[in-house]
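Build the complex from these two chains, which are given one at a time in their own frames, with help from the hints.
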Amino acid sequence: MMKEYFEELENGLQTAIDNNQGSIRMLYSLEIARLGKRLYSGEDKVAWCGIIAPFDLLSALDVTSCFVEFIGAMMAATNVAGDLIEETNHIGYSSDSCSYHRAVMGATMKELMPKPELLIGTTCPCSGGLAVIENLAAHFEKSFYLLQIPQDQAPKNVRYLADQMREMVSFVTKITGIPMDTEKVKFAMETSNKIREVLIEIFNLAKQVPSPVTGKDLSNFGIVMALFSGTESGLALAEAFRDELKQRSQNLTASGSNEKFRLLWIQNRIQFKNPIEKLLEDQYGAKIVIDELNDVTWGAVDPDDPYEGLASRAISIPFNGPAQNRVQHLQRLAEEYQVHGAINPCNWGCRQGTGSRGLIEASLKEIGVPVLNLEVDCIDHKKFTEGQFRTRVEAFMEMMDS
Amino acid sequence: MYYLGIDIGSLSCDSVLINDDETVLATSVVPTGARNKESIARATEETLRAASIEKKDVKAIVSTGYGRDRVEDRLSSVTEITCHARGIRAMLPDTRVLIDIGGQDSKSILLGEDGKVVDFAMNDKCAAGTGRFLEAMARALQVDIDEMGELDANAQGGLSISSICTVFAESEVVSLIADGTQVSEIVRGINNSIAFRTLSLVKRVAMKPDGFAIAMSGGVARNTGVVSAISAALGDINVSVPELPDTIGALGAALIAREKSA
Ligand code: SF4
Chain A
24 MMKEYFEELE
34 NGLQTAIDNN
44 QGSIRMLYSL
54 EIARLGKRLY
64 SGEDKVAWCG
74 IIAPFDLLSA
84 LDVTSCFVEF
94 IGAMMAATNV
104 AGDLIEETNH
114 IGYSSDSCSY
124 HRAVMGATMK
134 ELMPKPELLI
144 GTTCPCSGGL
154 AVIENLAAHF
164 EKSFYLLQIP
174 QDQAPKNVRY
184 LADQMREMVS
194 FVTKITGIPM
204 DTEKVKFAME
214 TSNKIREVLI
224 EIFNLAKQVP
234 SPVTGKDLSN
244 FGIVMALFSG
254 TESGLALAEA
264 FRDELKQRSQ
274 NLTASGSNEK
284 FRLLWIQNRI
294 QFKNPIEKLL
304 EDQYGAKIVI
314 DELNDVTWGA
324 VDPDDPYEGL
334 ASRAISIPFN
344 GPAQNRVQHL
354 QRLAEEYQVH
364 GAINPCNWGC
374 RQGTGSRGLI
384 EASLKEIGVP
394 VLNLEVDCID
404 HKKFTEGQFR
414 TRVEAFMEMM
424 DS
Chain B
3 MYYLGIDIGS
13 LSCDSVLIND
23 DETVLATSVV
33 PTGARNKESI
43 ARATEETLRA
53 ASIEKKDVKA
63 IVSTGYGRDR
73 VEDRLSSVTE
83 ITCHARGIRA
93 MLPDTRVLID
103 IGGQDSKSIL
113 LGEDGKVVDF
123 AMNDKCAAGT
133 GRFLEAMARA
143 LQVDIDEMGE
153 LDANAQGGLS
163 ISSICTVFAE
173 SEVVSLIADG
183 TQVSEIVRGI
193 NNSIAFRTLS
203 LVKRVAMKPD
213 GFAIAMSGGV
223 ARNTGVVSAI
233 SAALGDINVS
243 VPELPDTIGA
253 LGAALIAREK
263 SA
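First to last, the sequence lines map onto chains A and B. First residue of the first sequence? That's 24 in this note's numbering, and the numbers climb one at a time after it. First residue of the second sequence? That's 3 in this note's numbering, and the numbers climb one at a time after it.
Looking at chain B on its own, in the form it has when it is part of the complex (with noise of 0.2 Å):
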């Protein structure tokens, strides 16, 4: 038998089929777009297309994410959170602080030793630090937001963007590209402000986070600017990535409709 878990975020539906051994056999990640309906049909027909299976053979679906009530034929509905939690532990099963950057909900989760929630902690009603200020940021500087963690390479670093609000800081870009600011100073300069607003979410889940295995998941995760920018923010503790960190919600979901159909 066949589970399926769909993650519904503001930014992207993604979506994750395993078999009974929970192996994943095939993920996909759709933007969401205006219709969240529609993207949920089309992340899950790409899905079973890729693993060459039939909706009736998925014994289960649960969803996740802000839209995760959209889901018709779900069996349950799980916070994001959960479903993270559960994710990154079948990745990197020894994670203790889970950082997760999405659209627009940034969190820090952790994990008791037998990968349980033990805390967690969200981002207020505002965007800094999420993915839509990522995505506004590389907007500004005209470049692929894909391009980032190379340009951040390239950086010599020590600049810093101050605005915490997306559209002040936007203007702040601005106004270092009209001075001549080089893009990938600028770059670093917004991952080390994706770094300042991580930290606090993290410290307020655990104080003293060395010590700690920590990880990333999200599509955030693919930049490897901000998750330098992170892992020097928290005093150089390594920040383990796992392999496509924007599907560890819809596999924690997956993993959860596997065991809640047992």
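The shape of chain A in the complex, shown without the other chains (with noise of 0.2 Å):
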């Protein structure tokens, strides 16, 4: 079922878009699609991994790799995470825990998860995460290595983390039979360096007063970026949503825009269709400008010696360590992006989020930013009330526009 969605997904979005009807939003999507129907496959050497795995250096050696959370947003975006949602009630899952885990785990048990090859857990950004893919290893008797992220950039840490990923490799290559062909490392590093200027280029573009970006554009984007990472179809995407918006930063100085707010989107967005963007720019001229997890807080890797570039990158993904450096990486964008206020969905269960709810509220506050704390979950489309949801939309941009 999930190979003939994407593989349909893929084939109307590449007709849209050889008929000129595409959009850099299609070309986001048909990366995914063409990611799902690889997953979906039964071809590929599949790794579920977790959110902050080197995505890079596993596509060097052959394996496609994805974070499990993304099958739960595949899942609320088509509308199905809810069932599955339900279906984890039996097999010992809270109802308040995350629902981007118990969608994977109600797609498992439902049998909609391609059968993985192996599977990389990550300590960080929460423990949900690494419980998920220690069921996947036992519910598909696949062997998995976990990679444990150190708090901070200690050079010695740095060092601890580059020895697991050097352990990891001899972990898949054993696993695939593959051996790793050093130059294809060295080409996927060279080439995560160039996404990674592109990045760099694209967030500087939304930063501009007024940006040009719409609050979709760039929904969900770095944190799937990543798993694009050191492929070329991921440097051609990023160079496309570059292009696209260099190109409507002229024209939008040529013909003003009707921006009035600027909004930083706190965590993960809502992943089932809903009205919150369109509510926001039609009725308000609000814009979400910056997503928390839409920023390059890494240096460039060194290709022919990537595992300490690789190590510091993962540990400086502001989700990891104290909530101090979520606080301070908001406190930074709110500044960088003129954000007029932020929005916090909190997401439901994610105990990684709400926990730092009030930390983060504060601090923004502090620095004249108002915070709308909202309580849903950004998978569970069952969950959503839409009246509750317009009214706390609503009357906090009437609180702005006052």
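There's no promise every hint is true.
Label-pair ranges, simulated between beta-carbon atoms [as the list claims (entries may be wrong)]:
| no. | chain 1 | residue 1 | chain 2 | residue 2 | range |
| --- | --- | --- | --- | --- | --- |
| 1 | A | Q174 | B | D181 | 49 to 59 Å |
| 2 | A | K138 | B | F170 | 35 to 45 Å |
| 3 | B | D23 | A | G381 | 42 to 52 Å |
Below, a list of computed lysine-lysine pairs in the DSS-like style, where the Cα atoms sit at most 25 Å apart [unchecked claim]:
| no. | chain 1 | residue 1 | chain 2 | residue 2 |
| --- | --- | --- | --- | --- |
| 4 | A | K388 | B | K118 |
| 5 | B | K118 | A | K283 |
| 6 | B | K210 | A | K388 |
| 7 | A | K133 | A | K60 |
| 8 | A | K165 | A | K26 |
| 9 | A | K207 | A | K68 |
| 10 | A | K301 | A | K230 |
| 11 | A | K269 | A | K217 |
| 12 | A | K133 | A | K406 |
| 13 | B | K39 | B | K262 |
| 14 | A | K26 | A | K60 |
| 15 | A | K133 | A | K165 |
| 16 | A | K283 | B | K262 |
| 17 | B | K205 | A | K388 |
Some chain B residues close to chain A (C-beta under 7 Å, calculated; not the full set) [said to hold, decoys possible]:
| no. | residue |
| --- | --- |
| 18 | Y68 |
| 19 | T81 |
| 20 | I83 |
| 21 | T84 |
| 22 | K118 |
| 23 | V119 |
These aren't lab readings, by the way, just hints derived from the structure by calculation. Being a predicted model, the structure only gives us computed values, none of them experimental. Think of the CB as a built atom: it goes at the ideal place given N, C-alpha and C, for glycine as much as any other residue.
Have a look at this one:
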């Protein structure tokens, strides 16, 4: 079922793009469809991973890898997550645990998760994701390797994680039977570095006032681009975004903009169809110009000896370490993007996010940025009550507009 | 010219008519029922009749409440947060923290010195501590909801309803009745439970609410027992209740209608 879904999605998007009806967002969806197709092809060597696994390195090792939460988001986008989530009540998942993970476990029970060759867990950003990796490893009777992500960039920590990554390569090559090709790894790292440069350009364009982005353009962008890192198609996609935004930026200068409010979106977007971006833009001239996860927090990786660089990249993700990392990162983004307000969906069941909610709110208010804390399950559309949601969002905008 | 504010809540549909001097000419509160278009029409009609005004003389209508988009001939719709803030400013201008307990929503609103909304918090997807909660408890106790204030006044206190969920609280109340607990004590327990929920909402907008003038609007504000329980929970801070507390949202909407059509 999922294989056909991704094939149809790919064909539909490709036709639209060929007929010159494609937007940059369509190119992005096309890449997602292609990844989905590969995951479900039954031909690729698949690795289910934690969110901050080194996807470029895995791709250079001929492994099609993906973080499990991606499937949760896909299930939400196709409105099937709700039923899958209910399935997990039977296997001991608490109803107040994160729906990304529950959707994945429900999909597994319904045999909608492709069988992996191996699994790579990461201790960051949350223990829920790691538990899913462990559950999947047990379910599919496959081995998993755990990357223990240290909490800060102390040189010994970077070395510690780099050594784990080296060990991970041995683990992967032993299972796949494909030896590591150093030239391939070098190429992947060079490509990742190029993508990194382009991402910086994209985010700098988004920072402009008025911003050339629409509220939807960069939704989930940073986190999903990690899946395409190290690949030529990922680079082409990033370049398409940059070129389009550059073009728009020039047009904006000429034609002006109706941008009235600039918003920061905290953590992940709501993954099922919902009215927020349209409501904000049409009714209030408000645009989400920056998402918490759309940032480049790492340096270039040495293509000839990538492990230290990859380790440092993983450690640099602001979700890693104490809540202060997130707090300071969000303050910096709010200032750099000159936002007027921030929206935190407070994804239901997110232990990572809910614990920091008060600290984030206080720190943004401190720099004059009001915060709207919603209580949304970003995956389960069945729990979504549009009226309540609208009232909160509209009241927040009225408050800023008064 | 005249301006009409309509607040379509889950339990009642309230309307307020004002003139250019912002004087309230008439108000009405009708049950929302299953068809809110009919209740909107009824509330409008009753208000206009009470003021002897014809609809054609109404220059602008602003709607609010969860059914705000159902009012067809509105100038605009505005959320209940903004409308309650605007309404309370007109009635009790010093208010800095407003507690509004409606049918299915409760909210706390922090107002700036200029009366503008600075922050707000709303109850999450649950009816605990709202008008619906109170209604369910009155039903379980088989008392009229309007009697609850008086019953509370006769209670010694000390009892608390520990369940937050409306359904569980209802069965807790039934068990207390079965145990022979006095109705007035149960009513006090219910009010304390609402006050407890409300306190956390207030603290979300004003960690230290003392020093702020606090007011309460919404139908539940007519229940003196709830108001004094909230006041006690806040540390004996006075909670002011305006005249006709259930029409504050509609009043705010009427005032906004006047401003917008100026
Ligand atoms: S929403 Fe929170 S709990 Fe869920 S995957 Fe993300 S970090 Fe983990």
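Quick rundown of the hints versus the structure:
no.	hint	verdict
1	A/Q174 to B/D181: 49 to 59 Å	holds, 53 Å
2	A/K138 to B/F170: 35 to 45 Å	holds, 43 Å
3	B/D23 to A/G381: 42 to 52 Å	holds, 44 Å
4	A/K388 to B/K118	holds, 17 Å
5	B/K118 to A/K283	holds, 19 Å
6	B/K210 to A/K388	holds, 17 Å
7	A/K133 to A/K60	holds, 18 Å
8	A/K165 to A/K26	holds, 22 Å
9	A/K207 to A/K68	holds, 17 Å
10	A/K301 to A/K230	holds, 20 Å
11	A/K269 to A/K217	holds, 17 Å
12	A/K133 to A/K406	holds, 21 Å
13	B/K39 to B/K262	holds, 24 Å
14	A/K26 to A/K60	holds, 6 Å
15	A/K133 to A/K165	holds, 18 Å
16	A/K283 to B/K262	holds, 20 Å
17	B/K205 to A/K388	holds, 16 Å
18	Y68	holds, 5 Å
19	T81	holds, 4 Å
20	I83	holds, 4 Å
21	T84	holds, 5 Å
22	K118	holds, 5 Å
23	V119	holds, 4 Å
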